[in-house]
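Number of protein chains: 2
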Amino acid sequence: MKLKKEIYLLLTFVLLSFAGQAEDGYDLWLRYKTIENQAVLDNYRAQISGYVVEGYSPTLEAIKTELNNGLSRLLDKPIAFGSPFGKTGWIIAGTPEGSSIVAGLNLTEELKSVGQEGYLISNRKVRGINALVIAANSEVGVLYGTFHLLRLIQTHQPLDNEFTITDSPKIQHRILNHWDNLDQTVERGYAGFSLWKWHLLPGYIDPRYVDYARACASIGINGTAITNVNAKAVVLTPMYLEKVKALADVFRPYGLKVYLTARFSAPIEIGGLETADPLDPKVRQWWKDKVTEIMTYVPDFGGFTVKANSEGQPGPQNYGRSHADGANMLADAVAPHGGIVMWRAFVYSNEQPVDRAKQAYDEFKPLDGTFRKNVMVQVKNGAIDFQPREPFHPLFGAMPKTPIMAEFQITQEYLGQATNLCYLAPLFKETLDADTYAKGPNPTPSQSLKAPDLRNPRPTDRPPVPASQVEPVRVATVAKVVDGTLDGQAISGIAGVTNIGNDRNWTGHPFHQANWFAFGRLAWNHELSSAHIANEWLKMTFTNDPTFVETMRGMMLTSRETVVNYSTPLGLHHIMGAGHHYGPGPWVSKMSRADWTSVYYHKADSAGIGFDRTATGSNALEQYAPLAAKVWADPKTCPDIDLLWFHHLPWDFKMKSGKTLWDEIALHYQQGVDEVRQMQQKWKEQEAIVDKERWDHVNMLLSIQEQEAVWWRNSCLLYFQTFSKRPLPKGVEKSDKTLEYYMDLKFPYAPGRG
Amino acid sequence: MKLKKEIYLLLTFVLLSFAGQAEDGYDLWLRYKTIENQAVLDNYRAQISGYVVEGYSPTLEAIKTELNNGLSRLLDKPIAFGSPFGKTGWIIAGTPEGSSIVAGLNLTEELKSVGQEGYLISNRKVRGINALVIAANSEVGVLYGTFHLLRLIQTHQPLDNEFTITDSPKIQHRILNHWDNLDQTVERGYAGFSLWKWHLLPGYIDPRYVDYARACASIGINGTAITNVNAKAVVLTPMYLEKVKALADVFRPYGLKVYLTARFSAPIEIGGLETADPLDPKVRQWWKDKVTEIMTYVPDFGGFTVKANSEGQPGPQNYGRSHADGANMLADAVAPHGGIVMWRAFVYSNEQPVDRAKQAYDEFKPLDGTFRKNVMVQVKNGAIDFQPREPFHPLFGAMPKTPIMAEFQITQEYLGQATNLCYLAPLFKETLDADTYAKGPNPTPSQSLKAPDLRNPRPTDRPPVPASQVEPVRVATVAKVVDGTLDGQAISGIAGVTNIGNDRNWTGHPFHQANWFAFGRLAWNHELSSAHIANEWLKMTFTNDPTFVETMRGMMLTSRETVVNYSTPLGLHHIMGAGHHYGPGPWVSKMSRADWTSVYYHKADSAGIGFDRTATGSNALEQYAPLAAKVWADPKTCPDIDLLWFHHLPWDFKMKSGKTLWDEIALHYQQGVDEVRQMQQKWKEQEAIVDKERWDHVNMLLSIQEQEAVWWRNSCLLYFQTFSKRPLPKGVEKSDKTLEYYMDLKFPYAPGRG
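Protein chains in written order, with my numbering: chain X, 1 to 754; chain A, 1 to 754.
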C-alpha cells in the first residue's frame with residue numbers, strides 16, 4: 001500500500017514537471033517553433049548567420065522584426081544584424097532604390113516581371129560571399145518575400161543550391177471583408193467578437209492589431225474592409241474616422257489598405273440631405289466631400305464595399321436608379337484619390353417571383369459596360385448564399401466588360417460554424433477551377449464539368465508556378481474571370497468574408513485558421529493546389545512530422561465533402577435552421593420571405609425532391625454558357641453533387657450507382673457521420689505528436705461535430721422520410737429521437753446573428 | 001554618412017534582440033515571475049526543495065499543480081515532489097484526515113479555530129527536518145493556504161524563523177456576481193464579452209475556466225453567480241443546465257460554488273403555469289421540482305440570486321405578495337439541499353413620488369424577521385446605485401433579525417468604465433468601516449463620520465490579524481453587519497459585481513485587476529487596509545521594486561478620490577450620460593422615468609445645487625440611526641464629501657475652506673484633472689521598470705483618462721455655470737469647447753448596456 005502511494009507520487013511528479021507553456025494558437029502559422037529535426041536545423045544554422053536591411057521605414061522595421069524573431073526562434077540562436085561583409089550566410093533584403101547592396105546586384109531585369117508587389121528570392125554569391133537575397137520593387141514586396149523565405153524554412157525546403165524564385169500576385173485586390181458591427185458583435189462570426197475595440201479607439205491601440213496585419217501580410221492579403229456590409233452611416237462621421245485612421249496607421253506598414261462599407265442612405269442620415277438619389281448633384285457632392293474628408297484621416301483610403309438594395313439595405317433603386325448609377329456615383333467620388341468601389345451583386349427580392357438563384361444575373365448582366373473603370377462587381381461564388389456546395393455563379397464570364405470580383409465566405413455560416421472541422425480550399429478551388437465556357441469550346445478537352453474527384457485531390461504538391469512561366473489561357477475558368485486575364489481587365493479583386501474574432505486563437509476552431517491561410521494563399525496564386533496549401537499550413541502551424549502531415553492533409557482535403565454529406569448532399573441546399581443558420585432545419589417554412597425558408601429550396605413532396613432549374617422549371621440553367629449548362633441539363637449527365645440543385649426527381653430515380661435517389665440521400669448522410677468518426681479516430685492517433693492544449697481543443701470540437709453530424713442526419717432523414725415514405729437502406733443508423741424532438745430545439749442565443 | 005548607417009544598424013540590432021515574451025496580463029497576480037533579487041532568491045531556494053501532498057482528489061491535484069508551477073517559476077528550479085524524509089526544506093500540505101504526515105503533527109487543537117475554510121501555515125521541524133506545513137480541516141482550506149504561502153514568497157516575506165499563521169474568512173459567502181447574458185454580452189461589462197462560451201458548452205471546455213477558478217480561489221472567493229440578475233428563464237432548462245453543470249464541474253475543485261439568477265416568472269415562461277404567485281401551491285411545487293432537477297446536474301448547487309420587482313423585472317408584488325413571500329418560496333425550495341437565496345434590496349419605483357434613496361429601506365425594513373433562515377437580503381453599498389461616492393446604505397444595521405449581504409460593484413459603471421485607473425479598495429473600505437450606530441453610542445469615540453482622510457490612508461501595512469486575535473466588537477460598522485457578528489447571524493455574505501470579461505488580461509485596464517483582487521481579499525478579511533492590499537497586488541502583479549511599489553501604491557490609494565473630484569465632487573451623484581452611463585451628462589432630463597435623469601439628483605437652479613435629504617427635504621436622513629444622521633443633518637458639520645448628497649445649498653454657501661460652494665465645485669473638478677496629469681507623470685517614471693506591453697497599455701489609457709477628466713470638468717462646469725452665473729475661480733482651466741458641443745456628443749455603441 002505504501003509502495004503504491006510512492007509510485008503514484010513519482011508519476012504525478014513526472015506529469016507536473018513537463019507541463020510547458022500553453023500552445024494557445026495565437027501565433028497562427030507564424031509560430032516559428034525551433035526546428036526539431038537536428039540535421040535540418042544544423043543545415044539552416046550553417047547557412048544563415050544574420051541579415052542586413054538597409055534604411056529605415058515602418059515597413060523596413062517590420063521586415064527586420066520578422067526576420068529577427070522568425071529566424072532566432074526557428075534556428076534557436078541569436079541572429080546578427082548589420083553589415084554582411086566578411087561573413088557567410090547572410091540574408092540581404094531590400095529594394096534597389098533603398099538599398100545600395102541590392103542596387104549593386106543588377107536585378108533590374110529580373111525584377112521587371114514581378115511588378116509592384118512581387119519579389120525575387122535568390123541564393124547567390126554577393127561580393128564573394130553566400131547570400132540569400134530578397135529583392136523587390138517596393139518595400140511591401142520585400143516584406144512578402146521575407147514571409148516567403150521564412151515559410152521555406154518553416155516547411156524545411158532546401159536552400160543549399162543556387163536558386164531563384166520570382167513570385168507575384170495574380171489578383172490585384174486581395175481583400176478581407178469583416179462583417180463586424182460597431183458594437184463588436186460580428187454577423188456570422190463564430191470566433192468571439194470583433195477584433196476592433198471601437199470604443200477604445202483611437203486612444204488605445206491593441207497590440208493584436210499589429211499581429212492581425214502581420215498575419216494578413218504573411219499570406220499576401222493587401223486590403224481589409226473593416227465594417228459590416230450591413231453598414232452604419234456613423235462610421236463615416238469624424239468621431240469614427242479618427243478610429244479608422246488609427247487602425248489604418250497600424251496596418252499601413254504591412255501593405256494592408258483599409259476599406260469601409262458605405263451605407264447608401266448616409267447623405268440623409270448623417271449629411272442632413274433629403275435624398276440619397278445618386279443622380280442628385282447635392283448627393284454626388286456630399287459623397288465627394290466625404291471622401292475628401294476621409295482622405296484627410298486615411299490618405300491611402302482604399303474605397304468602398306457596398307451592399308445596396310439587398311435584404312432591406314437602402315440603394316439606388318429606392319430612387320428608380322440602377323446599381324450602375326449608385327456604384328458610379330461612389331466611383332466618381334473615390335476616383336481622384338485612386339480608390340475603388342466594390343459593388344456587391346448579392347441582390348434578390350422577395351417580391352420577385354423569380355428563382356432567387358437567377359436574380360443577380362437578371363439585375364447585373366444588362367449593366368455590363370456601364371460601370372466606371374474603378375468599379376468591380378463583387379459576386380458570391382454561388383448564386384444562393386455560400387452553401388456547402390453551389391455551382392459557380394452564372395455572372396462569372398457573363399460580364400466581359402466589367403471586372404468581376406469573387407466573394408468567398410471564410411467564416412462557416414453554412415459549413416458547421418464554430419465547431420466543424422472543414423477545410424475550405426477545395427470549395428474555393430472548385431469554383432475557381434470551374435470552366436464557365438464563356439468563350440465557347442476549349443481547344444483541349446475540359447475537365448471542369450466532370451464531377452471532381454474530391455477524395456483524390458491533385459497529388460502533386462508542386463511549388464508555385466513562377467509568374468514568368470504562367471501558361472497561356474486555355475479555358476475560361478472562374479479564376480481567369482476573377483484575375484482579369486480572360487477579358488483583359490485593368491483591375492482585379494477577390495474578397496473573403498473573414499472568420500476572425502477575438503477568440504485567443506483568432507478563429508475559434510484551431511483548424512479554421514487554415515481557411516484564413518488558404519484564402520490568402522489562393523488570392524495570391526489561385527493555381528496552388530489545396531493539398532499544397534494544407535501541407536504548408538500544417539507544417540507551419542503544427543509540425544513537419546511526415547506521418548502527421550500526411551494523415552492530417554488527407555483529413556483536411558476530404559473534410560468539406562464530409563460536411564456536404566451530412567448536411568446537404570447531392571445538390572440539396574439552404575435547409576439549415578432559421579435565422580442563426582445553426583444546425584438542420586429542412587422543415588423551416590414560415591419566414592417573412594419565402595426565399596428564406598427551406599421548403600422553397602428542397603421542394604420535397606410525395607413525388608420527389610429537388611429544385612427544377614432546367615427549362616421545365618425556373619430555367620436558371622439558361623444563364624450559363626451553353627456548354628456549361630449542357631452537362632447539368634440532363635439528370636443522367638448531371639454530376640451527382642449538383643443533381644438536386646438542378647432537378648426535382650422522384651424518390652426512386654435511379655442514380656449512377658444503381659441505387660435509388662432516396663437510398664443515395666440516406667447513405668450520403670450516413671457516410672458523412674461515418675467520416676466524422678474516422679476524423680475523430682485519426683485525430684486520436686496524433687495525441688502524442690500535438691501539444692496537449694490544441695489536441696484537447698480539436699478533440700472536444702470533433703466530439704461536438706460528431707453529435708452535430710448525427711443531428712443533421714437524423715433530422716433530415718426523419719423529415720424527408722415523411723415524404724418519401726421509404727425505409728432507411730441497410731447501413732443507415734436509425735434515429736434515437738423523434739422528428740418532433742428535433743423540430744422543437746431552439747437556439748435563441750446562437751452566435752453570429754449580427 | 002556610411003558610418004551613421006552602420007551605427008543605426010547596430011542600434012536596431014540591440015533593440016530587436018532584446019524583445020522578450022509579451023506580458024499580456026493573462027496571469028494576473030499569479031504571475032510567478034522568477035524572483036529578481038538574488039539574495040532573496042537564494043534564500044528561498046535554500047529553504048524550499050520540494051513538496052509533498054498525500055492522496056488524490058481534484059482539489060489535491062490543483063494544489064500540486066499550483067505548488068509545482070508557482071514554486072518552479074518563482075525559484076527558477078525544478079521542485080521535487082514526493083517523500084520528504086531525509087531532505088530539508090519541504091512543503092507539507094494536507095488535512096489531518098487525508099495525510100498521514102499532517103495527522104502526525106497533532107494540529108487538531110490549532111486547527112479548531114480556523115473552521116472549514118481556514119488554514120494554518122507553520123515553519124517547524126517535522127520528524128527532525130525543516131518543513132513548511134500547510135494544514136487545514138478541508139482540502140479547499142489547504143488550497144487557500146497554498147495560495148497564501150505562494151503570496152508570501154511573491155511578496156518576499158521572510159520564511160526563515162519558526163512562525164505559525166492561522167487565517168480564516170470573516171464572511172461565509174464570498175460571491176462574484178456576473179451580469180453576463182446568454183449571448184455573451186455583459187451588462188456593465190467593460191473588458192470584452194462574457195467568459196462563458198454558452199453556445200459551445202458543455203462540449204467545449206475553455207481552459208480559461210480553470211484559470212478563472214484558480215484566480216478566485218487564490219483570493220478566497222467561494223461562489224459565483226454566473227448569470228445576469230436581469231435573468232432569462234431559459235438558463236433553468238435542461239439544455240442550459242447541462243452547460244451549467246460543465247462549468248460547476250470545472251469550478252468545484254477550487255471551492256467555487258455555482259449560483260444562478262432566478263427569473264421570478266420562470267414558472268410561467270418555461271413551466272407552463274398560469275401564474276408565478278409565490279403562495280400558489282403549484283408554483284411552490286414547480287420551484288421545488290426545479291431545484292431538485294438542478295441538483296441532478298449540480299449536486300452542490302449554491303442557490304439563487306434574485307432581482308425582483310426592480311427596474312421592470314417580475315416579482316412577488318405582481319401578485320400582491322411581499323418580497324419575503326417571494327424569497328421564502330425560493331428558500332423553501334433550496335433549503336433541503338443546503339442552498340441559500342440572495343434577495344436583492346435594489347428596488348425602487350417610478351410611480352413612487354418618494355426619493356429613490358429611501359425606497360429600499362421603506363420596502364424592506366418592515367420585513368425584518370419574516371425571512372427564512374437561508375435568505376440573505378443583498379444590499380448595495382449605497383442607496384442610489386454604485387456612485388463614485390455614496391453614504392452607506394441605511395438598511396445596514398436596520399434589520400437586526402436578517403442576514404444582510406453587501407453588494408459592491410467591482411466593474412466601474414460609474415467610475416470611469418474601461419479607461420480610468422481607479423483603485424476601489426478605499427471605496428469598499430469606506431462603506432465597510434462606516435459606523436451605523438445601530439447599537440447606539442460607542443464606548444470609545446468613533447472616527448467613522450469624520451471625513452476620512454483619503455490622501456493619508458492607514459500608514460500601517462500590517463499583516464492580516466490572525467483570526468484568534470480579532471478584537472471585540474466595539475462599533476456597529478457596516479462590516480460587522482455584513483460579517484454577521486453585530487447581531488449574531490447564522491450566515492453571512494458579500495457580493496461583488498465583477499469586472500471580468502474575455503479581454504486577454506481579464507479586466508481590460510491592467511490596474512482593474514487590482515479591484516477583483518481587492519474585493520476577494522476584503523471579502524476574506526475586511527480588516528485589511530487598502531494599502532496592504534495594494535502592496536500585495538503590485539508586488540505579485542508587477543515587481544517588488546520598492547520605489548515602484550511605493551509610488552504606485554500612493555497613486556492607487558488616491559485614484560478613487562481623483563475620479564470623484566473630476567466627476568461627482570462634494571456629494572454630487574448620478575449625473576452621467578444616459579443609458580450607457582459613459583461620461584458626463586448633468587443635462588440629462590428626458591428619460592422614461594424621472595429617477596433615471598440627472599436633474600432629479602443634482603437639482604441645480606439659480607438658487608443653488610444639491611439634493612435636500614434633511615427634514616426640510618426628502619428626509620432620507622431619518623432612515624439612519626440618530627447618531628449617524630446627526631453629523632450629516634447640518635451643512636456646517638456635514639463632511640464636504642457628502643454635502644450635496646444631503647443638502648441643497650446656495651452657490652455662495654461658505655464652505656469650511658472659506659471658499660464659496662461654486663468655487664469649491666470648480667476647484668474640485670480642476671483638481672481631478674490635475675491629479676490625472678500627476679498620475680500620467682508618475683507612470684512615465686516607471687517606464688524602465690515595467691514591461692513594455694503593460695507600460696504602453698496603461699500609458700495609453702491614462703491619456704484617455706486625462707481627456708475624459710477634462711471632458712467631465714468642462715461639461716459639468718459649463719452646465720452648472722448656466723445656473724450659478726458665476727465666473728470660474730483662478731486656477732480652473734476654461735473649456736475650449738462649448739456646452740452645446742458636449743451635449744451633442746452621442747455614443748450609440750458604448751459598451752456595457754447589457
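In short, the hints are calculated from the structure, not lab data. Keep in mind it's a predicted model, so treat the numbers as computed, not measured. One or more hints might be untrue.
Here are the simulated lysine-lysine pairs, DSSO-like style, with alpha carbons at most 27 Å apart [what the hints assert, rightly or not]:
(1) A:K290 <-> X:K746
(2) X:K232 <-> A:K603
(3) A:K692 <-> A:K603
(4) X:K630 <-> X:K358
(5) X:K630 <-> X:K401
(6) A:K636 <-> X:K77
(7) A:K636 <-> A:K603
(8) A:K77 <-> X:K77
(9) X:K746 <-> A:K636
(10) X:K590 <-> A:K603
(11) X:K245 <-> A:K288
(12) A:K33 <-> A:K682
(13) A:K603 <-> A:K730
(14) A:K682 <-> X:K692
Do the hints match the structure? See the list:
Using a Cα cut-off of 27 Å, the hinted pair K290 (chain A) and K746 (chain X) holds, with the two alpha carbons roughly 20 Å apart. Between K232 (chain X) and K603 (chain A) the alpha-carbon distance is near 37 Å, which puts this suggested pair outside the 27 Å criterion. Taking the CA atoms of K692 (chain A) and K603 (chain A), the gap is about 46 Å. The hint is violated against a cut of 27 Å. Using a Cα cut-off of 27 Å, the hinted pair K630 (chain X) and K358 (chain X) holds, with the two alpha carbons roughly 17 Å apart.
As the CA atoms of K630 (chain X) and K401 (chain X) are separated by approximately 25 Å, the hinted pair is consistent with the 27 Å bound. Simply put, K636 (chain A) and K77 (chain X) have alpha-carbon atoms about 72 Å apart, too far for the 27 Å limit, and the pair is violated. In summary, the hint linking K636 (chain A) to K603 (chain A) is supported, as the alpha carbons are separated by about 20 Å, within the 27 Å threshold. Only pairs whose Cα atoms come within 27 Å are accepted, and K77 (chain A) paired with K77 (chain X) is accepted, the gap being roughly 23 Å.
For the hint pairing K746 (chain X) with K636 (chain A), the CA-to-CA distance comes to about 62 Å; that exceeds 27 Å, so the pair is violated. Distance hint between K590 (chain X) and K603 (chain A) is unfulfilled; the C-alpha atoms sit about 53 Å from each other, more than 27 Å. A C-alpha spacing of about 57 Å is found between K245 (chain X) and K288 (chain A), which places the hinted pair above 27 Å, so the restraint is violated. Restraint check: the Cα-Cα separation between K33 (chain A) and K682 (chain A) comes to about 24 Å, which is no more than 27 Å; the hinted pair holds.
Restraint check for K603 (chain A) and K730 (chain A): satisfied, since their Cα atoms lie roughly 26 Å apart, inside the 27 Å limit. Our distance criterion of 27 Å between C-alpha atoms is broken by K682 (chain A) and K692 (chain X), whose separation comes to about 43 Å.
Consistency note: the structure conflicts with the earlier hints numbered 2, 3, 6, 9, 10, 11 and 14.
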